Amino acid sequence: MSEDIQTGLAEILEEVAGVAPADATPEKSFTEDLDVDSLSMVEIATAVEDKFGVAIPDDELGNIKTVGDAISFIQKNQG
Amino acid sequence: MSTSVGDVVVTGLGATTPLGGDVASTWDALLAGRSGVSRITDDWIKEFPAQLVARLVADPATGLDRVRARRLDRSQQVAVVAAEEAWRSSGAADAGVAPERVAVVFGTGIGGALTLLGQDDVLEEKGPKRVSPFTIPMLMPNGPAAAVGLAVGAKGGVHAPVSACASGAEAIRWGLDLLRFDRADVVLVGGAEACVHPLPMAGFAAMRAMSTRNDEPERASRPFDKARDGFVLGEGAAALVLERADAARARGATIHARLAGAGGTADGYDLVAPHPEGEGAGRAIAAAIRDAGLTPADIGHVNAHATSTPVGDTAEAAAIRNTIGDHVLVTATKSQTGHLLGAAGALESVFTILALREQVVPATANLDDPDDDPAVQALDIVRREARRTQFSAAVNDSFGFGGHNIALVFTTA
Chain A
0 MSEDIQTGLA EILEEVAGVA PADATPEKSF TEDLDVDSLS MVEIATAVED
50 KFGVAIPDDE LGNIKTVGDA ISFIQKNQG
Chain B
0 MSTSVGDVVV TGLGATTPLG GDVASTWDAL LAGRSGVSRI TDDWIKEFPA
50 QLVARLVADP ATGLDRVRAR RLDRSQQVAV VAAEEAWRSS GAADAGVAPE
100 RVAVVFGTGI GGALTLLGQD DVLEEKGPKR VSPFTIPMLM PNGPAAAVGL
150 AVGAKGGVHA PVSACASGAE AIRWGLDLLR FDRADVVLVG GAEACVHPLP
200 MAGFAAMRAM STRNDEPERA SRPFDKARDG FVLGEGAAAL VLERADAARA
250 RGATIHARLA GAGGTADGYD LVAPHPEGEG AGRAIAAAIR DAGLTPADIG
300 HVNAHATSTP VGDTAEAAAI RNTIGDHVLV TATKSQTGHL LGAAGALESV
350 FTILALREQV VPATANLDDP DDDPAVQALD IVRREARRTQ FSAAVNDSFG
400 FGGHNIALVF TTA
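Residue numbers (numbering that gives the first Met the number 0), protein chains in the order written: chain A, 0 to 78; chain B, 0 to 412.
In short, the hints are calculated from the structure, not lab data.
Treat the hints loosely; a few may be bogus.
Listed next, with one range per pair, are the computed distances between beta-carbon atoms [said to hold, decoys possible]: (1) A:Ala19 <-> B:Tyr268: 55 to 61 Å; (2) A:Lys64 <-> B:Pro98: 29 to 35 Å; (3) B:Leu198 <-> A:Asp68: 38 to 44 Å; (4) A:Asp57 <-> B:Pro197: 21 to 27 Å; (5) B:Ala31 <-> A:Glu31: 51 to 57 Å; (6) A:Pro25 <-> B:Met206: 53 to 59 Å.
What you are looking at is a predicted structure, and each value in this text was computed from that prediction instead of being measured.
Even glycine gets a Cβ: it sits at the ideal position worked out from N, Cα and C.
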């Protein structure tokens, strides 16, 4: 389950921010490690909603610092 | 020609146009008489009176990193492609110029229209939450300038003149001033436009400004010809690197030409119609020649703005004739490139510089039967084939809706 989410998230990160899939591992920080800026995070949130059916409210988006945070959020709120 | 410490020279050129993906291929196609104009075949065009366009030869996105390209409007993409060519060819990056002394002046006529209109579709179809967070930085009219500034790491100021079809020429004039006022050591200047979309096409067509010679795309843009009926919308960008002559020589840069002078005026006449005798245009040309320390007799060539509209071309012919005289060799390169709006003045400055460097004036395509207007009849407009000649100074003039007039004088290096 979480592997599927990680794979799906990696696809989004590659499309939106040019992150190599191998780099999209749970411990990575979006801003510090993957060079994903705040506007790209907004695009990622939209893509996550399309792919996983999970909306990330703006006040939650700020708490998602790592790929792992995003995976947990999606897992927790999915179907 | 004598030089002084304040002299400004051109050390880099870049372009991506309906004739080629870079300066060399564009220039070769121009001299070969090739046309960049074609007929749009998409379904949406069917009800449009004017169906012609001068599309880019090379997709600007293919030359850019994929992620970078998707965050740039097409007008920004073409700006970056042209600017990077100019910057590379100037060698300025390798000369150790401090980023704080590098400035950018890049204009556009319309700005990020494709993004604005595309995101409006998203808004209508999917709602506000689906609008891209990059919408604003992609549609803002300083977007091309800002993207170019980032591409070359310019920290000495990034500026974006907006004066419709004079924007590219105005950028060059601002660049000259920045160097004269010692506000920068190197200035990357130019113009960009990419707005081929139903709405701008419909708007220009509603003004009756566009050619409707749909069955003969390559013959539609015909400046100064009796049968001209409007311009053909083009897309693309062009860029120049400017620096002071002493610094350029000290670092051994290739000097393509001097930017000897510039002049700018406003018609104060009408929002879109040009003054019929080109009064403001003539004053801009005269001011540029004075600024260059030259006289009208020194000018050997004019790359005219001449967009192929019935009123614009004759007004400009009058301005050229009254201000410079009948001796000058005139050409109208929009006959092959179409009208690149905010990029036109920059592209035609590149052509003017190459004409000076190679001592050849490109022909005006499709000028089969010059207009009966007395000024058009009196001028020596080069047609049928390029003309080899000797000259040391040339003018490029540009005019924009709003009554903006810019003239630039280039001289041999």
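Hint-by-hint comparison with the structure:
no.: 1; hint: A:Ala19 <-> B:Tyr268: 55 to 61 Å; in the structure: holds (58 Å)
no.: 2; hint: A:Lys64 <-> B:Pro98: 29 to 35 Å; in the structure: holds (32 Å)
no.: 3; hint: B:Leu198 <-> A:Asp68: 38 to 44 Å; in the structure: holds (42 Å)
no.: 4; hint: A:Asp57 <-> B:Pro197: 21 to 27 Å; in the structure: violated (34 Å)
no.: 5; hint: B:Ala31 <-> A:Glu31: 51 to 57 Å; in the structure: holds (53 Å)
no.: 6; hint: A:Pro25 <-> B:Met206: 53 to 59 Å; in the structure: holds (58 Å)
The structure shown violates just one earlier hint, number 4.
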